[in-house]
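Peer 1: Those protein sequence lines, which keep their order, are chains V and B.
All the letters of the first sequence, read from the start, carry residue numbers 1 to 199 under the UniProt record's numbering.
All the letters of the second sequence, read from the start, carry residue numbers 1 to 199 under the UniProt record's numbering.
Simulated from the structure, these hints should not be mistaken for laboratory data.
These numbers were taken from a predicted model, which means no experiment stands behind them.
Glycine residues also receive a C-beta, built at the ideal position from the N, C-alpha and C atoms.
Hints are supplied without guarantee of correctness; some may be wrong.
Chain V regions said to be covered by chain B (calculated; three or more residues, Cβ under 8 Å) [as the list claims (entries may be wrong)]:
| no. | segment |
| --- | --- |
| 1 | 65 to 71 |
| 2 | 114 to 128 |
| 3 | 151 to 161 |
Computed, partial: chain V to chain B, Cβ under 10 Å [unchecked claim]:
| no. | residue |
| --- | --- |
| 4 | G36 |
| 5 | L37 |
| 6 | T51 |
| 7 | A111 |
| 8 | E143 |
| 9 | R144 |
| 10 | L147 |
| 11 | V164 |
| 12 | R167 |
| 13 | V169 |
| 14 | M170 |
| 15 | M179 |
| 16 | R182 |
| 17 | D185 |
Number of protein chains: 2
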Amino acid sequence: MVDAEVKRRPGGRSARVRAAVLDATFALLSTRGLEGLRVAEVAERAEVHETSIYRRWGSRENLLLDALIEVSEQLLVPDTGRVRDDLIAYARDLAAFLATPLGHALEHALAAAGDDPDARRARERYWVSRYERSRQMVTRAIERGELPDTVDPRLVIEMLVSPVHFRVVMTREPIEPEMPARIVDALLAGVVGSSGTPT
Amino acid sequence: MVDAEVKRRPGGRSARVRAAVLDATFALLSTRGLEGLRVAEVAERAEVHETSIYRRWGSRENLLLDALIEVSEQLLVPDTGRVRDDLIAYARDLAAFLATPLGHALEHALAAAGDDPDARRARERYWVSRYERSRQMVTRAIERGELPDTVDPRLVIEMLVSPVHFRVVMTREPIEPEMPARIVDALLAGVVGSSGTPT
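Just chain V, same shape as in the assembly (with noise of 0.2 Å):
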């Protein structure tokens, strides 16, 4: 689950000064969506100078990056022991997350961004940074003995995530409740070894 305010944290005024930053483009994100993000008005909610936001950031699209990032640090990776509930937790929340205004408009922003150099920067930190929280759920079956090690942990997590990322981008078709069950139950046993039913 993803908070979409930003967890204050000490550190002084630069830190606070951050999280007000950031807690204002979350906010602005969710209400207008990426065309709608304006440094100035970013500043403006934030009650900070625009000149302090490029100092710090240099660009918007800096900005929109560790934004990016810091949402990435706050979804929560389930550890439960199993790596059934845990893959199902992680996707349910995924769904829940894109299904905000705010996991709508970053999606959606992700996926209309461009391929300028500031973009593609923007984007490979991103998914860099899901990936190698994501994986730990892998990583752990395999340290439990619940899955062999042969098993390609980014493989597993983008199994999961692509059919839910594909439904709110491509076919914008709902998630049912019971999808993210059945996709894990597939990818861990199988169609033709499952049958469909649960592991």
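Dock chain B against the given chain V, drawing on the hints supplied.
Peer 2: Showing chain B alone in chain V's frame:
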């Protein structure tokens, strides 16, 4: 595989006009993307009157709908007699099509399109058409006894194609040549059972 040139069908002037207009639509989508698709330019390129296009299709959105459905009908569904080979070939063809300028333009048009009634209808008809054709690979495998009849063809197709679309639209990573086979093996045998080796 998709042939970007619409096949000329018998049927007189009406069919020739439709083919010429769709050809022009594909050509403009390939070179300019969705944003650059103007009915006046389609008409000029197809050597028909702009009013003929509006009389037949009603709107630019309906023309795009017809173009999307036409592309869908040209995507061949493999029928090798083995579900693994069919699914791998289908995912490879999809990845190859999305790497063409036309495929890239249509994919990003679908991802970026709004949710107004015309766009929604176009999108729905497109995906219904795609699923109706692609699910045949799974239903034939069930009829052959290769897959249990409890398998949901729609889930299999969705889990097969979504990682391909995910890379093209969201992460923008290249699709490695071996990726389709890895997806299909994980999907058929499961990551627990297969240990990542081919079935």
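Peer 1: Can you verify the interface hint for V:E143: is its Cβ closer than 10 Å to any Cβ in chain B?
Peer 2: violated (15 Å)
Peer 1: Go through the hint on V:A111 and say holds or violated, using the shortest Cβ distance to chain B against 10 Å.
Peer 2: holds (5 Å)
Peer 1: Tell me whether the statement that chain B covers the segment 151 to 161 of chain V is true, taking a Cβ distance below 8 Å and needing three residues at minimum.
Peer 2: holds (count 7)
Peer 1: Counting residues of the segment 114 to 128 of chain V whose CB is closer than 8 Å to a CB in chain B, do you get three or more?
Peer 2: Three-residue rule met by the segment 114 to 128 of chain V, so holds; n is 4.
Peer 1: Quick check: do three or more residues in the segment 65 to 71 of chain V have a beta carbon closer than 8 Å to a beta carbon of chain B?
Peer 2: violated (count 0)
Peer 1: For the restraint on V:L37, tell me whether the closest CB of chain B is nearer than 10 Å.
Peer 2: Violated - the Cβ of V:L37 stays beyond 10 Å from chain B, reaching only about 17 Å at its closest.
Peer 1: Is the hint on V:L147 kept, meaning its closest Cβ partner in chain B is under 10 Å away?
Peer 2: OK, holds: V:L147 within 10 Å of chain B, min 6 Å.
Peer 1: Have a go at the V:M179 hint: is there a Cβ in chain B nearer than 10 Å to its own Cβ?
Peer 2: Cβ of V:M179 sits 8 Å from chain B, so the hint holds.
Peer 1: Using 10 Å as the Cβ threshold, decide whether V:V164 counts as touching chain B.
Peer 2: Given a least distance of 8 Å, the restraint on V:V164 holds.
Peer 1: With a cut-off of 10 Å on the beta carbons, see whether V:T51 makes it to chain B.
Peer 2: violated (33 Å)
Peer 1: Hey, does the V:V169 contact hint survive, CB to chain B under 10 Å?
Peer 2: holds (5 Å)
Peer 1: Is the interface hint satisfied for V:R144? The criterion is a beta-carbon contact with chain B at less than 10 Å.
Peer 2: violated (13 Å)
Violation of the numbered hints given earlier is confined to hints 1, 4, 5, 6, 8 and 9; the remaining hints are satisfied by the structure.
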